[in-house]
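**Student:** Make the full structure from the sequences, and use the hints.
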Amino acid sequence: MTVRIKIILLITLSFVLQMAFFPAHFADPFKPNLLIMFIVYMGFRESVLWGATGSFLLGLLQDSLSGMYFGLNSFSFLLIFIVLKAVSHRLYTDSRVLMVLGAFLASICNGFLNLLMLAVFSLAPGMYSTVLSVIIPQSMVNALIAYLVFSIVPLGKREEIP
Amino acid sequence: MLDFLAKHRIRILAGAALLGAIVFYSLNLKQKEEANAFERAVITITSPIVGAFALVDDFFTSTWENYIYLVNVEKENRKLRESIKILNKRVIENHEAALDNQRLKKLMDMREKLQEPCIAASVINEDSSPWFRTITIDRGSADGISEGMPVIATGGVVGRVAKVAGGSSRVLLLTDHASGIAAVIQRSRARGVVKGKGGNGCALEFSQRGEDVQTGDVVLTSGIGGVFPKGLPIGEVSMVKKGEYGIFQTVDIRPFVYIPRLEEVLVVLRKTD
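As they're listed, the protein sequences go chains A and B.
Residues 1 to 162 (the numbering used here) are what the first sequence spells out, left to right.
Residues 1 to 273 (the numbering used here) are what the second sequence spells out, left to right.
Some hints here could point you the wrong way.
Rough simulated footprint, nothing fancy, chain B against chain A, three-plus residues with beta-carbon under 8 angstroms [to be verified]:
1. 9–21
2. 66–78
Partial chain A-side listing against chain B, Cβ under 8 angstroms, derived [stated by the list, open to error]:
3. Pro29
4. Ser122
5. Gly126
6. Met127
7. Thr130
8. Val134
9. Gln138
I should point out that these hints are in silico values taken from the structure, not numbers from a laboratory.
Just so you know, even glycine gets a beta-carbon here, dropped at the ideal spot from N, CA and C.
**Tutor:** Quick look at the structure:
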């Protein structure tokens, strides 16, 4: 099984968990965003074409089933991917610690980007209080889950991806 | 004479034997509290045999009770446990059905009060993101639901339908930041807009400082805007803060509907622009 198929299966599983399981069993500030983890992975490992398309699609998936604003997360995910891609050649991207740190920082960036977009384009003036109160717990949960996932599932080396 | 004895020999012997037995019995009645030599001899001889038999009997009885009988007991226990499980399950199901019945009855009462076409729906999911407050219900465009329709529960207003698919819809809750409902204070008829604050709270915005709003006041939908029917309960005022300056006062509202425990809702089938 190639690494890409593994990743697609993992993404599918994560998406199902995130949409169907976590909302019913996790309290609000601790609902993880598993998709962020894959944005980080793609930012560090995937090609620009695959990664950008994947990030945008994952954002659309997230927006389809959460909140009111279609395109909000797809923009944020794409921007995060681009930034990570831009710096990835300077980093040791086989490191698991980097993935975990990336997931934590990407979660925080995603929160602030969404907040900025909402502040500029929508009428949700009190949104900042909600986002700011959940951004750190959610980022920490995301980092913890990224640590577990990247510990358990070997996603392969860079050379394995054709 | 001899002929008579010979003829009735057996009867005479039987009678003599019975008479002898009665005499023996009557003679022994005097010593009935004491065992005679014969009795003592019989008891002495038979007691070890009886004792041995008793031991063997005890052994087999205890074996039967402790092992063979316990096998049945274990089976019986298993059956009883299964029965208890089944009965417990039935008790829980009955209790659940009674609670469902209670909730649905309240929902039906609400529906009758509304006097508008409604459709009942079950909540099947919550929003996966902690930033937004939406729920998914199991009714969609196939059931006649369209965007903007008001959603209510037994306590009062829940929100409005935001996105509709074939068999399910997403409802924007009144606690979401993007939600706004025209409202009125029941007691003083002061007007405002109930906006979501995230979490489980709301606020009455655009309520002027001079308006009479007090803690505990009931907030109802005003019907302005045409989205929600007039007079639906939204919540009660939990805090009022009037600053020294400014046009408006800060009014916090606690919704009557407790969203995290919401299971069934009613979608009011009224078309909105």
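**Student:** With a cut-off of 8 angstroms, does the beta carbon of A:Thr130 approach a beta carbon of chain B closely enough for the hint to hold?
**Tutor:** With a closest approach of 3 angstroms, the A:Thr130 hint holds.
**Student:** Does the CB of A:Met127 sit less than 8 angstroms away from some CB of chain B?
**Tutor:** 5 angstroms, holds
**Student:** Residue count check for the stretch 9–21 of chain A against chain B: does it reach three with CB-CB under 8 angstroms?
**Tutor:** Answer holds; 3 residues pass the 8 angstroms Cβ test.
**Student:** Hey, does the A:Pro29 contact hint survive, CB to chain B under 8 angstroms?
**Tutor:** 6 angstroms, holds
**Student:** Counting residues of the stretch 66–78 of chain A that have a beta-carbon nearer than 8 angstroms to any beta-carbon of chain B, does the count reach 3?
**Tutor:** holds (count 3)
**Student:** If you take the shortest Cβ to Cβ gap from A:Ser122 to chain B, is it below 8 angstroms?
**Tutor:** With a closest approach of 7 angstroms, the A:Ser122 hint holds.
**Student:** Does the nearest C-beta of chain B fall within a distance shorter than 8 angstroms of the C-beta of A:Gln138?
**Tutor:** 6 angstroms, holds
**Student:** Minimum Cβ distance from A:Val134 to chain B below 8 angstroms?
**Tutor:** A:Val134 check passes; min Cβ-Cβ to chain B is 4 angstroms, inside 8 angstroms.
**Student:** Would the hint on A:Gly126 be counted as holding, given a Cβ-Cβ threshold of 8 angstroms to chain B?
**Tutor:** Check passed: Cβ of A:Gly126 comes within 5 angstroms of chain B, closer than 8 angstroms.
Violated hints are absent here; each numbered hint is respected by the structure.
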